[in-house]
Amino acid sequence: MIEITKEKIDTAGVLERVNSSQSGAVVLFLGNTREFTGEKQTTWLSYECYESMAISKLNELRDHAISNWGLLDVAVVHRIGRVDLGEASVAIAVASEHRAAAFDAGRWLIDTLKEQVPIWKKEVWSDGSTEWVHPDTTQS
Amino acid sequence: MKILLFAGLKDSMECESIDLDVLNQSVGQIKQFLIEQHPSSTGLIERSHVAVDQNYVGNDFLFEIEPKEIAIIPPVSGG
Chain D
1 MIEITKEKID TAGVLERVNS SQSGAVVLFL GNTREFTGEK QTTWLSYECY ESMAISKLNE
61 LRDHAISNWG LLDVAVVHRI GRVDLGEASV AIAVASEHRA AAFDAGRWLI DTLKEQVPIW
121 KKEVWSDGST EWVHPDTTQS
Chain G
1 MKILLFAGLK DSMECESIDL DVLNQSVGQI KQFLIEQHPS STGLIERSHV AVDQNYVGND
61 FLFEIEPKEI AIIPPVSGG
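Protein chains in written order, with the working numbering: chain D, 1 to 140; chain G, 1 to 79.
Hints are computed from structural coordinates only; laboratory data are not their basis.
Possibly wrong hints are sitting among the right ones.
[To be verified] Think about it this way: if two alpha-carbon atoms lie no more than 27 Å apart in a straight line, the pair counts; the simulated DSS-like pairs of lysine-lysine are:
hint : chain 1 : residue 1 : chain 2 : residue 2
1    : G       : Lys68     : D       : Lys8
2    : G       : Lys2      : G       : Lys68
3    : D       : Lys122    : D       : Lys40
4    : D       : Lys40     : G       : Lys10
5    : G       : Lys31     : D       : Lys114
6    : D       : Lys8      : D       : Lys40
7    : G       : Lys10     : D       : Lys114
8    : D       : Lys8      : G       : Lys10
9    : D       : Lys6      : G       : Lys31
10   : D       : Lys6      : D       : Lys114
11   : D       : Lys40     : D       : Lys114
12   : D       : Lys40     : D       : Lys6
13   : D       : Lys122    : D       : Lys6
14   : D       : Lys114    : G       : Lys68
15   : D       : Lys8      : D       : Lys122
16   : G       : Lys31     : D       : Lys122
17   : D       : Lys8      : D       : Lys114
18   : G       : Lys31     : G       : Lys68
19   : G       : Lys31     : G       : Lys2
20   : G       : Lys31     : G       : Lys10
21   : D       : Lys6      : G       : Lys10
22   : G       : Lys68     : G       : Lys10
Isolated chain G, as found in the complex (with noise of 0.2 Å):
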């Protein structure tokens, strides 16, 4: 399914989303698969959040169904 992506991360990774397959994978999981495929944004990814359906969600989170949205939330700068 399609993660979203923003600002920084938008731009080191060269993409707004990406798809993968979530499904019985973790956070935790899903970050560590990013970090191999996207080495150079291994510390932006370290610190990112990630939100499952806009609510933020631990590295535990389980993906036991595929959630209608998720994406990857670096450091936020509002304000």
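Looking at chain D on its own, in the form it has when it is part of the complex (with noise of 0.2 Å):
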């Protein structure tokens, strides 16, 4: 399962959508807008994506670590739009037969997600500017 929603995260149901009685493992990661980056403060955060690549590329993604980690099940959802402090903007849950492969491969996920996925967030400070995130990786 592969979304890119408006509406906020249904979290226990992307872990519903992957649960079976194969899966001895379900791992679920939730990526959520976070008040303070150091000294700044974020009122809430806007994202924005090119829809029918991010959809492309998170299938992708998907298919490539079912078939690498041998997994039962993999979900990802991604909100667009207005995230609240403490809403999730991603989830991905992860199943498989065994922990190690559920854990690994669902920080492949996100970390691959957040390098690759043509999805963007604006921050909104609470001064009320805003500032697009587009980080720097030829520094990294």
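Starting from the two chains in their separate frames, assemble the complex, guided by the hints.
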């Protein structure tokens, strides 16, 4: 299951989508809106995406993770639009027979999503200013 | 043809897309042309990738035929 939604993510529902009698391990990762980045205070985040490519990239990542780690199932839901403090912008659920594969694949999925999938966040700071986040990958 | 822009690039170039003739041009040449047209967006354009029909391509990619979709992808920050 791959989905991009403007609605609040039903995180328990994402977990339920991958769960089965085969899955000895299910890992759920949530990426939430965090209030403080150092001294700076976030009021909310606003996300936009290049939807057709984001869906196609997320499907690629899902297929790769399933075949590489021999997973039972993967679900990724990313929210766009305004995401308030403490709410999830992304939910990734991974089901496998054993825990190591579920943890490793979940970590790879969020890391790779952040590097490759065309989705962008805009910080809305507490002073009212806004800032698109475009990480400088050439320096990392 | 229409080239899609997103996020900070859309804001700094003040439009959602631009029209360009891409035939027989490389991705690198198109990025250079955009920099000349929008010098205040130079840094972001240089750090952006380009997607052709929803796949990332390198600066050497040559447009021998017109694709369905081209997008400039500034550094992503999902998750």
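Quiz item: Of the numbered hints stated previously, which ones are contradicted by the structure, given in increasing order?
Solution: Hints 1, 9 are the ones this structure does not satisfy, whereas the remaining hints hold.
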